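Working from the sequences, and respecting the hints, build out all of it.
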Amino acid sequence: MSKYFAHISVVFTMLFLSTSVFADAPEGVTKAKKARVLSTVKRKNWNELYVRRVLNAFAYGGLATDAQIETWAGMKPKKAVAEILTFSSVNNKLSPPDGGDDTDMHCGTLAELQDFWSSDDPGNTMKYTDRYRYAVLSPSLRLSTSNLVRTWTKAISTRGCNPFLHKMALYITNYHASISVRKTRAGLIRDYYDNIMLGLQNGADFVELMTIAATDAALSKAYGHQYSVYKDKNETFYGTDDFAREFHQLLFRIQGVTEDPGYHEDTTIEHAAWMFTGMGIDKDQGAYGSINSSDWYTGPINFTDHYDNYYRNGQPAPRYIKNTTNHYHADLGANSCLEILHEKICGANAGEKIAALAQVAGAHPESMENVPVTIIDFFADDNLDDAKVKAIRGSWAKAKYDLLAFIRAYASSKEFHNAGTFKYKTAFDRNLMVQNANTLDNEEVFGRQHSDSPAGRMKGQGAIVFDPEHDVFGGQTGFQAANNRYIFKAAYTQNVYRTSFLYGTSADYTLEAGDSAAVYTWTKEWDAVIPVNSDGEYVVAEVADWLWNRFIGDGGKNFDPIARAQVHALLASERDFGYSVDKWNREAVYTSDEIINDPVVSAVDEANAAGLMDFSTVTANRRVGMAINFITMTPYAFAMEGQ
Amino acid sequence: MKRREFMRRTMLASVVAGAGLGLGVPAPSMAASCTLENRSRTLVNLMLNGGMDSRFLFMPSPGHADLDYLDQIWQARKVLYTARYPDYATMFANEYVPVSHAGGLEFGVYKGCDWLASQFVAGNVAIVANSFCSRNRRHDQSQLNANAGDPEYDQLIYDRSGWGGRLQEQQAGTMSLVELSHEISVFGNSSVAGARLSQVIHALDMRDIALPNVRAGGGSTSRRDVMSRALRSYYEARSAEAGNQAGSPYHIFFQHSDAFRAFGDTVAARLDACGALPEELSGLDLNSGHFEQQCKNLYDIALMDAASIDTQILSMNYGGWDTHSGQLTSIGRNLQDLFGSSGGLATTMTAMTDLGTNAADKMVFNFSSDFGRQLKANGGFGTDHGRGIYTILLGSEVSGGTYGEMFPAREAQPDANSRIPLQTSGADILGLTSTQRIQAALCEWVEPGSSAAVFPTAGTAAEESPGLLDGLLAV
Chain A
1 MSKYFAHISV
11 VFTMLFLSTS
21 VFADAPEGVT
31 KAKKARVLST
41 VKRKNWNELY
51 VRRVLNAFAY
61 GGLATDAQIE
71 TWAGMKPKKA
81 VAEILTFSSV
91 NNKLSPPDGG
101 DDTDMHCGTL
111 AELQDFWSSD
121 DPGNTMKYTD
131 RYRYAVLSPS
141 LRLSTSNLVR
151 TWTKAISTRG
161 CNPFLHKMAL
171 YITNYHASIS
181 VRKTRAGLIR
191 DYYDNIMLGL
201 QNGADFVELM
211 TIAATDAALS
221 KAYGHQYSVY
231 KDKNETFYGT
241 DDFAREFHQL
251 LFRIQGVTED
261 PGYHEDTTIE
271 HAAWMFTGMG
281 IDKDQGAYGS
291 INSSDWYTGP
301 INFTDHYDNY
311 YRNGQPAPRY
321 IKNTTNHYHA
331 DLGANSCLEI
341 LHEKICGANA
351 GEKIAALAQV
361 AGAHPESMEN
371 VPVTIIDFFA
381 DDNLDDAKVK
391 AIRGSWAKAK
401 YDLLAFIRAY
411 ASSKEFHNAG
421 TFKYKTAFDR
431 NLMVQNANTL
441 DNEEVFGRQH
451 SDSPAGRMKG
461 QGAIVFDPEH
471 DVFGGQTGFQ
481 AANNRYIFKA
491 AYTQNVYRTS
501 FLYGTSADYT
511 LEAGDSAAVY
521 TWTKEWDAVI
531 PVNSDGEYVV
541 AEVADWLWNR
551 FIGDGGKNFD
561 PIARAQVHAL
571 LASERDFGYS
581 VDKWNREAVY
591 TSDEIINDPV
601 VSAVDEANAA
611 GLMDFSTVTA
621 NRRVGMAINF
631 ITMTPYAFAM
641 EGQ
Chain B
1001 MKRREFMRRT
1011 MLASVVAGAG
1021 LGLGVPAPSM
1031 AASCTLENRS
1041 RTLVNLMLNG
1051 GMDSRFLFMP
1061 SPGHADLDYL
1071 DQIWQARKVL
1081 YTARYPDYAT
1091 MFANEYVPVS
1101 HAGGLEFGVY
1111 KGCDWLASQF
1121 VAGNVAIVAN
1131 SFCSRNRRHD
1141 QSQLNANAGD
1151 PEYDQLIYDR
1161 SGWGGRLQEQ
1171 QAGTMSLVEL
1181 SHEISVFGNS
1191 SVAGARLSQV
1201 IHALDMRDIA
1211 LPNVRAGGGS
1221 TSRRDVMSRA
1231 LRSYYEARSA
1241 EAGNQAGSPY
1251 HIFFQHSDAF
1261 RAFGDTVAAR
1271 LDACGALPEE
1281 LSGLDLNSGH
1291 FEQQCKNLYD
1301 IALMDAASID
1311 TQILSMNYGG
1321 WDTHSGQLTS
1331 IGRNLQDLFG
1341 SSGGLATTMT
1351 AMTDLGTNAA
1361 DKMVFNFSSD
1371 FGRQLKANGG
1381 FGTDHGRGIY
1391 TILLGSEVSG
1401 GTYGEMFPAR
1411 EAQPDANSRI
1421 PLQTSGADIL
1431 GLTSTQRIQA
1441 ALCEWVEPGS
1451 SAAVFPTAGT
1461 AAEESPGLLD
1471 GLLAV
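Those protein sequence lines, which keep their order, are chains A and B. Using my numbering, you'd call the opening residue of the first sequence number 1 and step up by one each time. Using my numbering, you'd call the opening residue of the second sequence number 1001 and step up by one each time.
Everything hinted at is true.
For lysine-lysine, the following DSS-like pairs were computed, each having C-alpha atoms within a straight-line distance of at most 25 angstroms:
{"no.": "1", "chain 1": "A", "residue 1": "414", "chain 2": "A", "residue 2": "76"}
{"no.": "2", "chain 1": "A", "residue 1": "44", "chain 2": "A", "residue 2": "76"}
{"no.": "3", "chain 1": "B", "residue 1": "1078", "chain 2": "A", "residue 2": "231"}
{"no.": "4", "chain 1": "A", "residue 1": "233", "chain 2": "B", "residue 2": "1078"}
{"no.": "5", "chain 1": "A", "residue 1": "557", "chain 2": "A", "residue 2": "44"}
{"no.": "6", "chain 1": "A", "residue 1": "44", "chain 2": "A", "residue 2": "79"}
If you're looking for bench data, these hints aren't it; they were derived computationally from the structure. Given the structure is predicted, the values throughout are model-derived calculations rather than measurements.
This is how it looks when you write it as structure tokens:
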């Protein structure tokens, strides 16, 4: 933990000491007082559906109880959102810790989670036989990417850990300032993710977060500028301009369209390339405990000339990392300056200059315009119109880079809770929301088979954390997922061929090694969360409505007669509706009109709907699983509306 | 039984019975029920995503008349070759294959591209030098520009038409555009908002193209069959009702289901009848698994008849060209996959020729990229983003040769700012011919009379010299 904190501290110090010319508030901020901003939903309109919409868009549905959702629905919108959306490692209301399990004490970073879940700590209730699957290292003592992916995926559905915090960290590291584990290996990318997590937890604003990203060893490795050198003697640069370009385009969304093209290429990007020199990365023998020397790259970047702790063939072979020598005119110290974005960017090393440039870049008009729109496009709306965009930009300026304040303003706004809003879900969103809605407690999270994680499904549908589909351009977007027929097909195939994923009702597990270890059994108990009616009964139609709202969250708006008939049949008999009507003509297709008006057909649906469910039986719990398989494969599980 | 089910089963029966679905010669090794058809002209748009270094692919021969140019390009690029060659001629002899066609310019094609080299010598390859598909050096914008067929488009809005989609709109309504890669690109988007993909078939894996079905006889009470019936029935019924409206965000998912049901079973039946992939394709082992699958898909398209998939426009892509560091290894792998004699396209086209139809002869490949690379190598043994590219067309109906100045002398001479491009970081290939001109020619080749609708301004688009592209493709 300490080395992450040290990195963050260094970044904050550099920001404090930066000598960039940035005395006045950016133009956008001054104008924000008169600019249109997001307007808050009126309290009288705020209800459970609004709360669910916030949970679905920002926290993979969250892990809050129905009672908590109801409480939030009765609060003022801003107050409710302030409780729902926090960057603390634990949010007791959004994801209340489970008793008997100490995960919430380790939710601050993925490193902590990996250490804890792979350990024999008595507070660890991860099933014993799976613990090694969350370790930093594989059994061959090399960094394990699959274990890291598994850990992240598990954290989202674990009560005690904050899914909103993780979704924001995913956005920053896998979409906004994205890199791939293929170019960094699991250690560096996990450290990058954790540095961002800690930054968020410690209140870093957007500019500070981008500074953390841009100075991170993982990005230097991924983009290759760890090898870039500026030779002062002959004023020659040897290196790549890749990150110089993407720092502007991706981290700050400055495309250069408002700049003179020649200046942008030949001054801003060129000089930024010179700035990203002296960013060599140390190799630390045995880093992460790995025996593989390729795993030994470690951060934070030490910007001085120094020896690292490399070994070759078991013998010390320290490498001289010339980060001062290789940096642009480090001999001038704090007076080493480069013109970038029409400003003098100064600093004794790359870290200081990056901190200075980040403040200028954050205030650039293109950044002020594009960054907030990009954020909202990712989280909440694929249908932004001019009015919404104006309000979003106005609120971004007002927030002065405070990411949490901005997101909260949006989450409680009319612009979000709007008939024109809709969001296509990525495979991350859809699968993790289903997982969260389907997982009732941490015993289920830790006691089920490791293969019952959605990581495999997401991978098959093009969503792999730390291995973004488009590399530095980020992971799969909702728009791409929606337009890809094979993602639809992959999900469809999973729900048909592997119903057990959502249908499973029990699993045995142990918490110790050995044949004599006590065997525990997790069992699914839907009656712990599904409410009984006033007669103390679980009526099929009512259970169906509750399930639809839990998994789709639209208050039943799209729960049409055809879908209802299928869900009623599955809950009542574990059969599809066609079989339920006439098993000798089971492939018949029934329209809404037939289901409502045909005497024979409607009678079957009515009978199914009126059936009672006995949740003391395994059968009832399984039937809920079948209903969920169906519900989560309707189109309404693939997108969200704003109203 | 619903009408759709009746039609599906009837079509299945006729395919299995081989009931005269088209002309053509049955391939000798296949079941008699798979009657193959001759094909109409087919455009294969193959995007090389990431910005391909086409200057690496094509280099001047040691006998190039401009010695200063030779010296400068050597100095600019020698670090890209990991072996320490003493001079340009030695490097060329080890890394390139000399080619020329019909007495034209002799130059080198990278040695890993021996199939491309042989095709050039045979007159089947046109290289359009100094072309451009965008005006910027950003991947996302440039790829959009390339797929939209609009170099001047400066917005990053993906919900717009692609030039492939606009071309398809000029064809009969029953025809489709087929995406063979793992991701549908803007290339295939139609002009109709809310229904951009209505005529696009996504064939990520031709041999796995149907949604799950119940087992024969209506299926059992197994969970798989129950869920299969429930979902199929739901989508079929709901797709026709109010919940599925063109403006609704959910409309696209109903379209997916409809599309798979409409052609998936038919295609599956057709491929069953036509048999397995030939061994050289089933055993294809490329560096890129994505491209390997696309090649198999391409072959399977040649097995289709009009009743199963009626198309003249195909989309493929190959990524991984953003070679900022260690270029030789990555670009070498990519080029071998694409253009090597044991690469994907050579293998596929040979297998296609063995079918005995005209499918291979009627295909023209258009290779383009988001942008090119800088002329001078960077300090990481790679190249950074440029703009100008070399567009490559390959096919029997291509008029082979080079179009435009392959190695412009200006690159070795001071420019207006007194800087020599080959010595200047940031300098790139100067784009002089808009890819709109090339794409318009391809449109006319596929669908005569279509280019005016697809590219209304192509006639005034930039061209290195007037009439440069006349006769690029067979009439």
